[in-house]
Amino acid sequence: MPFQGEYRQLGMFALTSSLPTETTSHRGEAGRAGGDVRSDLHVSFEARASGGIEIELRSRVDLYYGERIRQRVRDVMHSLGVEHGFLEIVDEGALPFVISARVEAAVRRAGLGLGKSALPDAVVLPTPSPRDRLRRSRLYLPGNEPKYFINAGLHTPDAIILDLEDSVHHAEKDVARLLVRNALRAVDFGAAERMVRINQLPLGRADLEEIVPQAPDLVLIPKVETARQVSDVVGAMDAIAQRAGVTRPIWLMPILESALGIENAFAIATVSDRIAGITIGLEDYTADLGVVKTPGGSESLYSRQRVVNAAHAAGVQAIDSVYSDVADAEGLLRWGEASRAMGFEGMGCLHPIQIEVIHRAFAPTPAELEKALKIVAAYEEAQALGLGVVSLGSKMIDAPVVQRARKLVERAKQMGIATRPAAGSGETP
Amino acid sequence: MSATVTASGLVTNAIGRRVPTSVNGREQTPYQGVDSHRPTGRKAAPPIRCNSDYPTNGDKRVPDLETALQRCGLRDGMTISSHHHLRNGDRVALTALQTAARMGAIDLVWFPSASFPCHEPVIDLMKSGAVHHIEGSMNGPLGDYCSHGQMRGLGVLRSHGGRWQAVQDGEVHIDIAVIAAPSADFFGNADGSHGKSACGSLGFALADSVYADRVIVVTDNLVPFPCVPWQIQGNNVDYVVEVDSIGDPEKIVSGTTQITRSPDRLRISELVARFLRDSGIMREGFSFQAGAGGIALAFVDYLARMMKAANVKASFVRGGSTKYLVDLLHEGLIGYILDGQTFDLDAVRSIASDPRHVATSPFTSYNFHGKGNFASMVDAAVLGATEVDVHFNANVVTHSDGRLLHGIGGWQNCLFAGCTILAVPSFRDRIPVIVDEVTTVTGPGELVDVIATERGISINPRRQDLLKAVKGKGLPIRPIEEIKAEVEKICGGKPAKPRLLDHPVAVVKWVDGTVIDTVWQVADDNPYAPKVSGGE
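Read top to bottom, the protein sequences are chains A and B.
Positions 1 to 429 (this note's numbering) are the ones given, in order, by the first sequence.
Positions 1 to 536 (this note's numbering) are the ones given, in order, by the second sequence.
What the hints contain is simulated information worked out from the structure, not anything from laboratory work.
Positions of the beta carbon are idealized from the N, C-alpha and C atoms, including for glycine.
Please note: incorrect hints may appear among the correct ones.
[What the hints assert, rightly or not] Lysine-lysine pairs mimicking DSS-like chemistry, simulated, CA-CA at most 27 Å apart: (1) B:Lys43 x A:Lys116; (2) A:Lys147 x B:Lys531; (3) B:Lys308 x B:Lys471; (4) A:Lys116 x A:Lys173; (5) B:Lys313 x B:Lys473; (6) A:Lys147 x B:Lys489; (7) A:Lys395 x A:Lys374; (8) A:Lys413 x B:Lys471; (9) B:Lys468 x B:Lys313; (10) B:Lys531 x B:Lys127; (11) B:Lys531 x B:Lys251; (12) A:Lys147 x B:Lys494; (13) B:Lys473 x A:Lys413; (14) B:Lys308 x B:Lys473; (15) A:Lys147 x B:Lys313; (16) A:Lys116 x A:Lys147.
[Claimed, not checked] Simulated restraints on C-beta separations: (17) A:Glu67 x B:Glu446: 31 to 41 Å; (18) A:Pro400 x B:Asn311: 53 to 63 Å; (19) A:Asp75 x B:Asp327: 33 to 43 Å; (20) A:Glu380 x B:Ser315: 19 to 29 Å; (21) A:Ala239 x B:Gly280: 57 to 67 Å; (22) B:Pro479 x A:Ala399: 22 to 32 Å; (23) A:Glu330 x B:Val358: 29 to 39 Å; (24) B:Asp327 x A:Val124: 41 to 51 Å; (25) A:Ala338 x B:Ser315: 40 to 50 Å; (26) B:Glu331 x A:Gly331: 21 to 31 Å; (27) A:Gly416 x B:Ser36: 46 to 56 Å; (28) B:Glu331 x A:Met342: 51 to 61 Å.
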């Protein structure tokens with residue numbers, strides 16, 4: 001489980017999970033409360049044959065929102081078609097979409113409400129993301145830890161990843177996917193691309209059932225070793241999307257985490273036109289090789305280069321792994337700069353403080369930008385004059401170089417970096 | 001603006017709050033506006049004493065606290081004061097009150113500069129009748145006791161500066177001051193920076209030492225005369241008591257102060273630092289105030305990096321000192337630390353050895369009835385709040401449910417800085433921080449310039465200069481109503497307003513001694529509400 005170690009190191013993203021203590025057919029529990037838990041709740045549901053819905057609520061925010069919490073619980077029961085039952089709830093100030101998810105999970109664990117769902121109100125989604133959009137930083141959010149969701153977009157990562165895989169205990173997968181589903185619907189992540197890391201199939205199929213109808217922008221597929229694994233996901237996704245009437249594009253990003261996956265990189269990257277990029281998971285990859293992951297990363301140099309080459313050959317983005325030492329901003333910057341130099345377009349983040357550093361690392365240097373602007377200006381001049389050959393001073397510029405320069409300038413604009421035209425291009429300020 | 005009578009014993013003050021006209025038998029002036037109340041007359045003064053009554057060899061030691069209290073003429077109804085530099089490690093204040101109770105005194109008034117959770121047993125003394133009421137910050141169990149209307153007198157909450165003002169102006173007469181001292185000599189000279197219970201500055205005890213009828217110094221580190229540097233002058237001291245321990249060192253200062261890792265708090269801190277930079281307040285020779293709270297520490301860290309990048313140095317920093325400020329002092333990024341409270345071991349070591357790390361007092365920093373103070377000379381102050389409203393009024397003393405949560409500390413005094421920034425999360429535990437009307441007005445909106453949240457920065461419309469200064473700088477400047485509406489949407493609507501009874505349990509004083517608001521008895525209890533255990 002590659003990210004677990006990283007989360008543990010991080011402390012604040014510690015893997016935490018309350019296992020259902022009792023799972024008879026008519027009782028169900030979900031969520032967490034007590035101790036240092038914030039923004040979550042624990043729900044214990046017991047089905048009854050009569051007597052309506054009875055709620056026993058203990059909440060930090062009872063005096064402010066007690067009545068509304070009770071109403072929401074009754075609404076969820078109604079949506080799930082449950083008329084009778086006893087709910088014992090301990091609430092640590094959870095937001096409404098979290099309350100809905102935990103109550104639904106507890107009811108489902110009791111074997112009721114199957115085939116139904118209680119969806120929170122939806123926020124307006126940002127415009128669908130293009131396949132080649134900027135993906136410098138992707139912030140991992142443990143899928144069963146709701147307190148980090150609501151403000152994640154404020155830290156302006158290019159994407160957030162609601163993780164259902166390694167940061168979620170295997171016994172909590174069913175609960176986490178409802179929470180992630182509700183988050184996709186109810187949380188405004190700002191301009192960030194909304195990504196979900198699902199579990200491997202067949203478990204991942206249940207994840208897709210819940211999340212695809214909520215139109216995430218991209219699905220990360222973990223531990224991919226063969227192209228077939230990707231096409232299985234595409235098949236499952238398409239069927240669900242069609243049934244749910246989802247028309248927004250849902251891009252894919254396979255994660256290669258083993259020697260075999262790296263060997264099959266090109267086949268994987270080309271198996272579907274829905275693939276926006278491929279990425280590498282270094283914790284699992286180094287474990288697979290039986291080598292130690294070092295800060296310099298020499299043990300994974302080949303695999304990372306291979307990913308970059310396969311991605312470029314396939315015309316998709318190459319995305320690097322995460323940098324696990326969250327406290328080491330300088331190490332992260334060095335890693336990011338080296339990563340960009342190798343041809344990667346972005347990497348993962350484990351803490352919001354990494355976002356700004358990564359954005360700096362993946363920005364073109366002023367010298368690069370200056371040069372690219374000159375080339376673009378020369379190209380535009382040549383176009384205007386109807387010349388077939390682009391030249392800068394006495395030097396002839398090859399078409400791929402022009403292409404690269406234009407892309408660099410375009411990206412710089414997307415990154416919000418001022419791209420003043422090079423001197424002599426004739427543009428008025 | 002004049003006050004209007006609305007109910008028996010209650011008037012509506014200049015900020016629209018109902019306040020009692022009489023508190024614990026003493027007539028009050030309702031809040032008149034920020035600069036409107038101008039008292040005349042002379043300061044209070046302690047009685048004249050005569051050298052003949054004190055040992056010529058200077059040795060004022062007595063065997064124990066009981067003897068000292070007895071010789072001070074302990075009587076029923078007296079006001080006994082203490083300071084809070086030992087924070088939650090303090091053993092002296094409680095011991096003094098318990099000793100007085102054992103000696104049979106009743107109806108005492110405890111006048112601490114702040115109370116802490118370690119003082120919870122004072123509740124027993126209030127129940128037994130030994131202590132009548134507390135005039136000072138109350139939180140945790142003491143706050144709950146008062147909030148439920150169980151205290152016999154009204155609580156009186158004052159800022160650090162307001163406490164000095166109240167003593168100086170004669171509003172509070174201290175009969176006996178009990179001053180815990182980490183170092184002292186037999187004459188009563190005392191210092192806070194040395195000894196096993198070192199706490200740094202002793203500034204909060206200064207008014208008590210100067211104005212009280214009788215002064216007892218209690219130390220666990222008796223040093224040969226002279227105890228230098230003396231923060232408390234022995235010439236103001238009547239008796240010196242030596243004890244084994246004045247407090248628990250681990251709870252007096254923290255070993256290390258940690259910067260928050262909360263992403264949201266870090267974001268708020270960074271926004272505040274950027275605001276100071278981009279508004280031009282961060283410039284060569286500027287000054288700022290910062291405390292030891294999570295956001296304040298992180299703010300200093302961000303600001304220091306920006307100062308380095310811009311090659312800018314601050315002339316001085318006011319506030320609570322920690323390792324982080326000390327590091328900046330050593331790096332030459334700031335000229336002086338004007339220290340009000342010393343929070344960690346590095347800071348204690350620094351104040352004891354570095355002449356540019358200066359102990360201050362509420363007199364120098366905060367007193368509003370003086371010839372100026374340091375707090376108003378500071379270019380920017382970064383403070384917290386429990387609630388703010390759309391008029392920029394702010395609350396620091398009560399929780400949104402009306403329970404006493406936190407003391408005022410130097411908060412009110414710091415509002416007079418050139419630019420006052422309240423750095424707050426937009427909601428806590430689903431409870432919105434920006435509200436239509438704060439539960440308890442602790443500071444008037446006209447003195448609050450900026451409210452910085454993780455969702456954006458609101459600038460008080462009164463400060464068009466600041467709005468203009470940061471225009472086009474890429475900061476998320478937003479109207480306060482807009483942030484409020486966004487948060488209410490996230491939280492699932494406006495929170496219900498918890499019921500409060502029409503029965504005052506405490507008053508909040510403004511820096512000039514007028515009453516700015518009333519704390520009312522809470523009506524409903526939520527046994528699952530988080531326990532609060534704040535500081536000053």
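Open item on the list: Just to be careful, I want the Cα atoms of lysine 147 of chain A and lysine 494 of chain B compared with a cutoff of 27 Å; is the pair within it?
Closed with: At roughly 20 Å apart (the allowed maximum being 27 Å), lysine 494 of chain B and lysine 147 of chain A satisfy the hint.
Open item on the list: Holds or violated: lysine 313 of chain B and lysine 473 of chain B, Cα atoms, limit 27 Å.
Closed with: holds (22 Å)
Open item on the list: A range of 46 to 56 Å was offered for this pair. Does it hold for the Cβ distance of glycine 416 of chain A and serine 36 of chain B?
Closed with: With a Cβ separation near 48 Å, glycine 416 of chain A and serine 36 of chain B satisfy 46 to 56 Å, so the hint holds.
Task: Agreement of lysine 147 of chain A and lysine 489 of chain B with the hint, judged by alpha carbon distance not exceeding 27 Å - done: Answer holds: lysine 147 of chain A to lysine 489 of chain B is near 17 Å, not above 27 Å.
Open item on the list: Checking one constraint from the list: CA of lysine 308 of chain B to CA of lysine 471 of chain B, max 27 Å. Satisfied?
Closed with: Status holds; Cα separation ~24 Å.
Open item on the list: Given the hint of 41 to 51 Å, is the C-beta distance from aspartate 327 of chain B to valine 124 of chain A inside that range or not?
Closed with: For aspartate 327 of chain B and valine 124 of chain A the Cβ distance comes to about 46 Å; the hint holds.
Open item on the list: Taking 33 to 43 Å as the stated bounds, is the beta-carbon spacing between aspartate 75 of chain A and aspartate 327 of chain B within them?
Closed with: violated (53 Å)
Open item on the list: Please verify whether lysine 473 of chain B and lysine 413 of chain A have alpha carbons no more than 27 Å apart.
Closed with: holds (18 Å)
Open item on the list: Given a hint of 29 to 39 Å, does the C-beta separation of glutamate 330 of chain A and valine 358 of chain B actually sit inside it?
Closed with: This hint holds: roughly 35 Å between Cβ atoms.
TODO: Take a quick look at whether lysine 395 of chain A and lysine 374 of chain A sit within 27 Å of each other, Cα to Cα.
DONE: Cα-Cα ~12 Å, so holds.
Task: glutamate 67 of chain A versus glutamate 446 of chain B beta-carbon gap, inside 31 to 41 Å or not - done: The hinted range 31 to 41 Å holds for glutamate 67 of chain A and glutamate 446 of chain B, with Cβ atoms some 36 Å apart.
- [ ] Starting from lysine 308 of chain B, check that the Cα of lysine 473 of chain B is at most 27 Å away, please.
- [x] Holds. Lysine 308 of chain B to lysine 473 of chain B sits at ~20 Å (cutoff 27 Å).
Checked against the numbered hints given earlier, the structure breaks hints 1, 15, 18, 19, 20, 22 and 28 and satisfies all the rest.
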